[in-house]
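Following the hints, position chain G against chain X.
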Amino acid sequence: NAGVTQTPKFRVLKTGQSMTLLCAQDMNHEYMYWYRQDPGMGLRLIHYSVGEGTTAKGEVPDGYNVSRLKKQNFLLGLESAAPSQTSVYFCASARTSVSSSYEQYFGPGTRLTVT
Amino acid sequence: AQSVTQPDIHITVSEGASLELRCNYSYGATPYLFWYVQSPGQGLQLLLKYFSGDTLVQGIKGFEAEFKRSQSSFNLRKPSVHWSDAAEYFCAVAASGTYKYIFGTGTRLKVLA
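If you read the protein sequences in the order shown, they are chains X and G.
Count the first sequence with the working numbering and you get residues 1 to 115, in order.
Count the second sequence with the working numbering and you get residues 116 to 228, in order.
Bear in mind the hints are in silico, worked out from the structure with no lab data behind them.
Be aware that one or more of the hints could be misleading.
Once the Cα atoms are required to be at most 35 Å apart in a straight line, the calculated DSBU-like pairs of lysine-lysine come out as [said to hold, decoys possible]: (1) 70/X with 164/G; (2) 176/G with 71/X; (3) 225/G with 176/G; (4) 176/G with 9/X; (5) 225/G with 9/X; (6) 164/G with 57/X; (7) 176/G with 164/G; (8) 14/X with 71/X.
Because the structure is a prediction, the values reported are computed rather than measured.
Okay, chain G solo, but in the shape it has when bound:
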């Protein structure tokens, strides 16, 4: 069965520091992978997605993620965090042909001024 694990429930970083949020998935074939961000009281916004091809994908707001098949990971990175990045981040996987997501439990990011 498919599953997604986000091992970090909370992460705190200082503004300007680098960020890496971890995501591990379990799926037999090549999955479609996504990172979404949710600001307080808001819906989910797509940051980036991996569908096929280049394993390093660029997204909005300066985020990037790297698909590593050997590690079953799709970690989200940002070189310099801004205070406005404080939010909850969700990793999701979709199996080919199903159009259904399995979400991780989320990582809440706090940014210190």
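Here chain X stands alone, though its shape is the one from the complex:
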């Protein structure tokens, strides 16, 4: 099992450019999440999905869009990148059962710089 993978690992964008971050998981998990990590702020939830075809807003959704067309993939899009979106982005997934105890599994992260 690869677990949770993220592509790309690094990216530099200019202000106004767009891009899509891909998250893939091979654990058949129902829930998937996108977080951003900024110094001194921990991880903040951007969007999440409770299943294929569904998405919901998290704590900091503005400027981002997401899609989950397939159960194993969760895409995060930036339509018009801004310097404030410079961050490290983490994807996570979780299996929804009592025995899973709500454990989330994290990908290795994508470091995005917007100039």
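Just chain G now, with coordinates in the frame of chain X:
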């Protein structure tokens, strides 16, 4: 609203010394509590979790944590720190039925040789 507080931004300990990282949470019911570790440039790895039952939980790498409902705390401990424990540690809380975490801001641990 749920919240998690990690009061210590940085902690420095000597190798072999004991360690305690503090975590306080705010949540009305019994929460699900987690400690994750993040090594530089890496993702987050689960150290341990409290779901129910025994309030002292054991995790990987020799870590343990104790859930104290009266103090709304879930502090992480290790009796003897190794240089490889240098990392950032995050406490998180999940509300029952939501499958969403609220993370603390993290504590960065430095270990002196």
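Hint-by-hint comparison with the structure:
1. 70/X with 164/G: 29 Å, holds
2. 176/G with 71/X: 33 Å, holds
3. 225/G with 176/G: With a Cα-Cα distance of about 16 Å, the restraint between residue 225/G and residue 176/G holds, given a limit of 35 Å.
4. 176/G with 9/X: Between residue 176/G and residue 9/X the Cα gap is close to 27 Å, so the pair holds against 35 Å.
5. 225/G with 9/X: 26 Å, holds
6. 164/G with 57/X: 26 Å, holds
7. 176/G with 164/G: OK: residue 176/G and residue 164/G at ~14 Å, within 35 Å.
8. 14/X with 71/X: Given pair residue 14/X, residue 71/X holds - Cα atoms ~31 Å apart, limit 35 Å.
Hint compliance for this structure: every hint is met.
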